[in-house]
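Here are the chains, one letter per residue:
Number of protein chains: 2
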Amino acid sequence: MAERGFVLWFTGLSGAGKSTLAEFVGKRLKELGHKVEILDGDEVRENLSKGLGFSKEDRDINIRRIGFVANLLARNGVVSITAAISPYREVRDELRAKAQAAFVEVFVDAPLAVVEQRDVKGLYAKARAGKVAQMTGVSDPYEPPLKPEVVVKTGEEPVEASAERIFSYLRGRGLVG
Amino acid sequence: MAERGFVLWFTGLSGAGKSTLAEFVGKRLKELGHKVEILDGDEVRENLSKGLGFSKEDRDINIRRIGFVANLLARNGVVSITAAISPYREVRDELRAKAQAAFVEVFVDAPLAVVEQRDVKGLYAKARAGKVAQMTGVSDPYEPPLKPEVVVKTGEEPVEASAERIFSYLRGRGLVG
Numbered sequence: 027m028a029e030r031g032f033v034l035w036f037t038g039l040s041g042a043g044k045s046t047l048a049e050f051v052g053k054r055l056k057e058l059g060h061k062v063e064i065l066d067g068d069e070v071r072e073n074l075s076k077g078l079g080f081s082k083e084d085r086d087i088n089i090r091r092i093g094f095v096a097n098l099l100a101r102n103g104v105v106s107i108t109a110a111i112s113p114y115r116e117v118r119d120e121l122r123a124k125a126q127a128a129f130v131e132v133f134v135d136a137p138l139a140v141v142e143q144r145d146v147k148g149l150y151a152k153a154r155a156g157k158v159a160q161m162t163g164v165s166d167p168y169e170p171p172l173k174p175e176v177v178v179k180t181g182e183e184p185v186e187a188s189a190e191r192i193f194s195y196l197r198g199r200g201l202v203g
Numbered sequence: 027m028a029e030r031g032f033v034l035w036f037t038g039l040s041g042a043g044k045s046t047l048a049e050f051v052g053k054r055l056k057e058l059g060h061k062v063e064i065l066d067g068d069e070v071r072e073n074l075s076k077g078l079g080f081s082k083e084d085r086d087i088n089i090r091r092i093g094f095v096a097n098l099l100a101r102n103g104v105v106s107i108t109a110a111i112s113p114y115r116e117v118r119d120e121l122r123a124k125a126q127a128a129f130v131e132v133f134v135d136a137p138l139a140v141v142e143q144r145d146v147k148g149l150y151a152k153a154r155a156g157k158v159a160q161m162t163g164v165s166d167p168y169e170p171p172l173k174p175e176v177v178v179k180t181g182e183e184p185v186e187a188s189a190e191r192i193f194s195y196l197r198g199r200g201l202v203g
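Chains H and V, in that order, are what the protein sequence lines are.
Each residue of the first sequence is one higher than the last, beginning at 27 in the working numbering.
Each residue of the second sequence is one higher than the last, beginning at 27 in the working numbering.
Warning: the hint list may mix true and false statements.
One copy or two, either will do: identical chains are not told apart, so a pair holds if it fits within one copy or between any two.
[Stated by the list, open to error] Calculated lysine to any residue pairs in the SDA-like style (CA-CA distance at most 20 angstroms, straight line):
{"hint": "1", "residue 1": "Lys76", "residue 2": "Arg54"}
{"hint": "2", "residue 1": "Lys56", "residue 2": "Glu83"}
{"hint": "3", "residue 1": "Lys76", "residue 2": "Lys124"}
{"hint": "4", "residue 1": "Lys157", "residue 2": "Glu169"}
{"hint": "5", "residue 1": "Lys53", "residue 2": "Gly103"}
{"hint": "6", "residue 1": "Lys56", "residue 2": "Arg101"}
{"hint": "7", "residue 1": "Lys61", "residue 2": "Ala128"}
{"hint": "8", "residue 1": "Lys82", "residue 2": "Pro170"}
{"hint": "9", "residue 1": "Lys124", "residue 2": "Asn73"}
{"hint": "10", "residue 1": "Lys53", "residue 2": "Leu172"}
{"hint": "11", "residue 1": "Lys56", "residue 2": "Tyr195"}
{"hint": "12", "residue 1": "Lys157", "residue 2": "Arg191"}
{"hint": "13", "residue 1": "Lys61", "residue 2": "Ala125"}
{"hint": "14", "residue 1": "Lys124", "residue 2": "Glu72"}
{"hint": "15", "residue 1": "Lys124", "residue 2": "Glu175"}
{"hint": "16", "residue 1": "Lys61", "residue 2": "Asn97"}
{"hint": "17", "residue 1": "Lys76", "residue 2": "Glu120"}
{"hint": "18", "residue 1": "Lys147", "residue 2": "Asp86"}
{"hint": "19", "residue 1": "Lys147", "residue 2": "Asp66"}
{"hint": "20", "residue 1": "Lys179", "residue 2": "Gly163"}
{"hint": "21", "residue 1": "Lys124", "residue 2": "Glu69"}
{"hint": "22", "residue 1": "Lys56", "residue 2": "Gly103"}
Since the hints were derived computationally from the structure, they do not count as laboratory data.
Quantities reported herein were computed from a predicted structural model and do not represent experimental measurements.
Assemble the whole structure, with the sequences as input and the hints as a guide.
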């Protein structure tokens, strides 16, 4: 039974596989005895950030709220997994600096061409047609992390392989047994 | 070492002693080995609800956010203590119904005359002078709980006595040892 909390912060484009990976890794961590909460972008917007839009300012507020809650959980022994796009580097680095538990940033690095072709939610097609404004990667910036703890290439490898990369890092750092 | 999380939800007028009692009870719970987080009204507004005002709608949104976070913590074994005025009965009852851990509502029942005379933050004087709008108890409603788990009379008894009332209830319910 592991009692050590940490923040596992996924960042990447819409459709890159953050939620899928969060669920997959979260399930395995639970099997290992960890307490786990997944703070998914859409669910958190509903519960913490209804009314906020997608301007840089509103996105940053939303991400700070997720970070605040993730930190509260992590410092109490819970593994907080976040799966929001979190496109801006500065606010991610701010949360890392404030964290009172280990902060593990995972860059879910799938090329725009790949996620746009998959277009799971149909958002890229809408963005290209001008029906969705402020689409990250299309009409809004995405700032990749400069020194993420883990990089996973979800456009090239199955979810199991990406998860194994993450567990390998977590084991190396002594965060999982 | 207790691992059982629950929500300890204080409600009452501004100046009734919610934060003082939350700190006092929180400290004792920590000494007993519980994990404790205090979600204080002002701190939570800063981190989760900046930009919201004091209309019924905005207050309800703020309280729902506190409830969402309190529940996340409580279901992971943390004692979440909230200390926001939370003037509206319906949203408190909604959070109680949704809670995935024990939900203990503590009515911090100090008469308006008493808290207004103390006026710790100077808000009542400002409200009477028309400089603070939507002051609970003065120009905004406060709906006392109909069936709170605990009632403490902070206008008549010292904080130790109010805390003992709360611990007595928690022991009876098996939430503390």
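Cα distance capped at 20 angstroms. Does Lys61 pair with Ala128 within a copy, between copies, both, or neither? Intra 15 angstroms, inter 18 angstroms, cutoff 20 angstroms: intra and inter.
First find the shortest C-alpha distance between Lys124 and Glu175 inside one copy, then the shortest across copies, and answer within, between, both or neither for a cut-off of 20 angstroms. within (17 angstroms within a copy, 36 angstroms between copies)
Up to 20 angstroms CA-CA - Gly103 versus Lys53, copy category: For Lys53 and Gly103, both the intra-copy (17 angstroms) and inter-copy (19 angstroms) Cα distances are at most 20 angstroms.
Since the copies are identical, ignore which copy is meant and state whether Lys124 and Glu72 lie within 20 angstroms (CA to CA) inside a copy, between copies, both or neither. Between copies, since 15 angstroms is at most 20 angstroms while 24 angstroms is not.
Within, between, both or neither: how does the pair Lys56, Glu83 come out at a Cα-Cα threshold of 20 angstroms? Neither: 35 angstroms inside a copy, 37 angstroms across copies.
Lys76 and Arg54: within-copy, between-copy, both or neither at 20 angstroms Cα: neither (31 angstroms within a copy, 36 angstroms between copies)
Alpha-carbon proximity between Lys147 and Asp66, which holds within one copy, between copies, both or neither at 20 angstroms: within (15 angstroms within a copy, 38 angstroms between copies)
Within, between, both or neither: how does the pair Lys124, Asn73 come out at a Cα-Cα threshold of 20 angstroms? between (23 angstroms within a copy, 13 angstroms between copies)
Can you give me the call for Lys82 and Pro170, within, between, both or neither, at a CA distance of at most 20 angstroms? within (15 angstroms within a copy, 40 angstroms between copies)
State whether the alpha carbon distance between Lys56 and Arg101 is at most 20 angstroms within one copy, between copies, both, or neither. both (17 angstroms within a copy, 14 angstroms between copies)
Between Lys157 and Glu169, at a C-alpha cutoff of 20 angstroms, which is it: within one copy, between copies, both, or neither? Intra 23 angstroms, inter 45 angstroms, cutoff 20 angstroms: neither.
From the Cα coordinates, with 20 angstroms as the cut-off, is the pair Lys61 and Asn97 best called within, between, both, or neither? This pair counts as both: shortest intra-copy Cα distance 14 angstroms, inter-copy 14 angstroms.
Violated hints for the displayed structure, listed by number in ascending order: 1, 2, 4, 10, 12, 18.
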